[in-house]
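Next come the chains, spelled out residue by residue.
2 protein chains.
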Amino acid sequence: MNIPVAYRQEIEKEIKSFCKNLPAKPHELYAPMSYMLGLGGKQLRPTMVLLACKMFGGQVKNAVPAAIAVELFHNFTLIHDDITDAAPLRRNKPSVHAKWNTNIALLSGDALLIKAYECIAKTPKAHLPAILRLFNETALKVCEGQQFDMNYETQSKVSIDDYLYMISLKTAALFSASLEMGAILGGATGKDARSMRVFGTSIGMLFQLQDDILDVFGEQQKVGKQTGGDIINNKKTYLLLKAFELAKGNTLKELQKLLSEPNANRKVEGVKAIYEKLGVLKQAQKQMDFYHNAAVNSVASIKAPEKKILLDLTTALLSRGN
Amino acid sequence: MNIPVAYRQEIEKEIKSFCKNLPAKPHELYAPMSYMLGLGGKQLRPTMVLLACKMFGGQVKNAVPAAIAVELFHNFTLIHDDITDAAPLRRNKPSVHAKWNTNIALLSGDALLIKAYECIAKTPKAHLPAILRLFNETALKVCEGQQFDMNYETQSKVSIDDYLYMISLKTAALFSASLEMGAILGGATGKDARSMRVFGTSIGMLFQLQDDILDVFGEQQKVGKQTGGDIINNKKTYLLLKAFELAKGNTLKELQKLLSEPNANRKVEGVKAIYEKLGVLKQAQKQMDFYHNAAVNSVASIKAPEKKILLDLTTALLSRGN
Numbered sequence: 094m095n096i097p098v099a100y101r102q103e104i105e106k107e108i109k110s111f112c113k114n115l116p117a118k119p120h121e122l123y124a125p126m127s128y129m130l131g132l133g134g135k136q137l138r139p140t141m142v143l144l145a146c147k148m149f150g151g152q153v154k155n156a157v158p159a160a161i162a163v164e165l166f167h168n169f170t171l172i173h174d175d176i177t178d179a180a181p182l183r184r185n186k187p188s189v190h191a192k193w194n195t196n197i198a199l200l201s202g203d204a205l206l207i208k209a210y211e212c213i214a215k216t217p218k219a220h221l222p223a224i225l226r227l228f229n230e231t232a233l234k235v236c237e238g239q240q241f242d243m244n245y246e247t248q249s250k251v252s253i254d255d256y257l258y259m260i261s262l263k264t265a266a267l268f269s270a271s272l273e274m275g276a277i278l279g280g281a282t283g284k285d286a287r288s289m290r291v292f293g294t295s296i297g298m299l300f301q302l303q304d305d306i307l308d309v310f311g312e313q314q315k316v317g318k319q320t321g322g323d324i325i326n327n328k329k330t331y332l333l334l335k336a337f338e339l340a341k342g343n344t345l346k347e348l349q350k351l352l353s354e355p356n357a358n359r360k361v362e363g364v365k366a367i368y369e370k371l372g373v374l375k376q377a378q379k380q381m382d383f384y385h386n387a388a389v390n391s392v393a394s395i396k397a398p399e400k401k402i403l404l405d406l407t408t409a410l411l412s413r414g415n
Numbered sequence: 094m095n096i097p098v099a100y101r102q103e104i105e106k107e108i109k110s111f112c113k114n115l116p117a118k119p120h121e122l123y124a125p126m127s128y129m130l131g132l133g134g135k136q137l138r139p140t141m142v143l144l145a146c147k148m149f150g151g152q153v154k155n156a157v158p159a160a161i162a163v164e165l166f167h168n169f170t171l172i173h174d175d176i177t178d179a180a181p182l183r184r185n186k187p188s189v190h191a192k193w194n195t196n197i198a199l200l201s202g203d204a205l206l207i208k209a210y211e212c213i214a215k216t217p218k219a220h221l222p223a224i225l226r227l228f229n230e231t232a233l234k235v236c237e238g239q240q241f242d243m244n245y246e247t248q249s250k251v252s253i254d255d256y257l258y259m260i261s262l263k264t265a266a267l268f269s270a271s272l273e274m275g276a277i278l279g280g281a282t283g284k285d286a287r288s289m290r291v292f293g294t295s296i297g298m299l300f301q302l303q304d305d306i307l308d309v310f311g312e313q314q315k316v317g318k319q320t321g322g323d324i325i326n327n328k329k330t331y332l333l334l335k336a337f338e339l340a341k342g343n344t345l346k347e348l349q350k351l352l353s354e355p356n357a358n359r360k361v362e363g364v365k366a367i368y369e370k371l372g373v374l375k376q377a378q379k380q381m382d383f384y385h386n387a388a389v390n391s392v393a394s395i396k397a398p399e400k401k402i403l404l405d406l407t408t409a410l411l412s413r414g415n
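Protein chains in written order, with our numbering: chain B, 94 to 415; chain C, 94 to 415.
Simulated from the structure, these hints should not be mistaken for laboratory data.
No experiment lies behind these values; they were computed from the predicted model shown.
Which copy is meant is left open, so a pair is good if it fits within one copy or across any two.
In silico lysine-lysine, DSBU-like type, Cα no more than 35 Å apart, as pairs:
| hint | residue 1 | residue 2 |
| --- | --- | --- |
| 1 | K329 | K370 |
| 2 | K135 | K118 |
| 3 | K118 | K234 |
| 4 | K192 | K329 |
| 5 | K118 | K284 |
| 6 | K328 | K118 |
| 7 | K400 | K215 |
| 8 | K218 | K106 |
| 9 | K234 | K154 |
| 10 | K400 | K218 |
| 11 | K375 | K118 |
| 12 | K250 | K379 |
| 13 | K350 | K118 |
| 14 | K218 | K284 |
| 15 | K215 | K106 |
| 16 | K135 | K106 |
| 17 | K346 | K118 |
| 18 | K192 | K328 |
| 19 | K396 | K218 |
| 20 | K106 | K234 |
| 21 | K379 | K328 |
| 22 | K234 | K218 |
| 23 | K328 | K113 |
| 24 | K379 | K118 |
| 25 | K365 | K118 |
| 26 | K284 | K113 |
| 27 | K118 | K250 |
| 28 | K118 | K329 |
| 29 | K250 | K109 |
Hey, can you work out the whole structure from these sequences and the hints?
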């Protein structure tokens, strides 16, 4: 990645210090936070907060609390989503509810969300109202996205538009807010901050679409998780929805039958073959091109000397798992 | 109650307007909020915020957002605690997880906590940093108290001091913060705001100890829930812990045996008889007197013409269920 290593190091240092300063008791409330934050992760979102702040000539230290808040919030969603999905693993380690229990995961997730607000509260006073408002708005969007995602599991008709709307809330909103918060804290004009928001939404969409693709076509080792998981779980990803849109006759029947195929390998291979036959990957890449262009366009109007870093960021995001 | 009815009406109006303004979609995220807030409740905490603000000559409208935040936060804790306790009922109606499901209760609880912060964000700018800080600190205390409460369920040795510490976090902290926030927003001096905090802690402790007593000795109709619930669930209340502290010989053996008595009626009557034999109620009332005196003492130093209202509040709290 071309993203300055220094930002990532700053985030890691701050997260370590956050964990070190957690109260010892009640252990069951705070230990899951350190555990979750210690599982690693790319820390993309907080890095983006710092990067956006610096881009507009701001002092990075003013953006650190918001950056950490974003990372804590993201981890809070992972703890609670893992309960919802009954996911036993997170980054190849037991998820919080699997390692402790559901009640502990529920409560320590709650407390981690509050801890995120504790970080937000450390934002310089002049910017606090705007940052708090944006953080709240974003946090609600993420919850809405998660609820739509849960609804889609049992909803028979889900359109590509429904799906794109859902990921704009569940995934893209936090990317978008990370860049917008950084911009605000860096002293960007309202217009530039809004352009950063649009740019963030576009790369968030790109990120999620690519996630869907990597789950099916990525190399397991590079992606860091077993490929085909979405197929096995009948997850309504862009690929599956597109396949249902395009499939006709026998292909459609076969796809429907594969949803209840008990043999995981046969299911993954069967669905992949249909994806390839229907050119679903090409369609997804076309959709990604759309967001890629939107991202590049929103950069064009931004007035900041170092804005090239946004294009580097996009390239870096797109090189995941390859 | 002698507490001005106008405050309660103001709170009810604001809660109704909050529910009315909730987005329609996703329905599963927002409907549980209206449902929970519509179950009624005494709205003691938000009323206390307004009352404290007025007491120091502040404009009540400045305290309304914080008051609603406190009520939303309280309801968020109820939704999540009901999941934890697998409680099927809340105020004689199905709890949120029972009416919908656990995943919906988890997520709509999260969103309700965020909504509370959305209210906090509407606090006048000059007071926002202090109010946000106090709200965060309090929210964490409530989580810590809940975790200790969960731990005590399986912990063999729990002292009266452990118990009092737990309720100071789980129950008293929010009473305390409600009064302190109101005071700050009303323009109280730092010294008076701190006295309000101490007063709030004392009446919070009183409130919880009385709750423990009402659960055993209250009249079902007036208390609004089945009495004896704590006994049936072996809940480590002040009464049970005190009974274990005082019981000796055969009484201790009998008490221990009663914990695994399968017949609910026999269990409640048996434990009640032991409580009466050991004078546990008198001990609890002595403990309440201690907090009552502490409350009255902290009022003494407060400089506000209408401070008598705090004593009315205490009396009103103590007349519950009688």
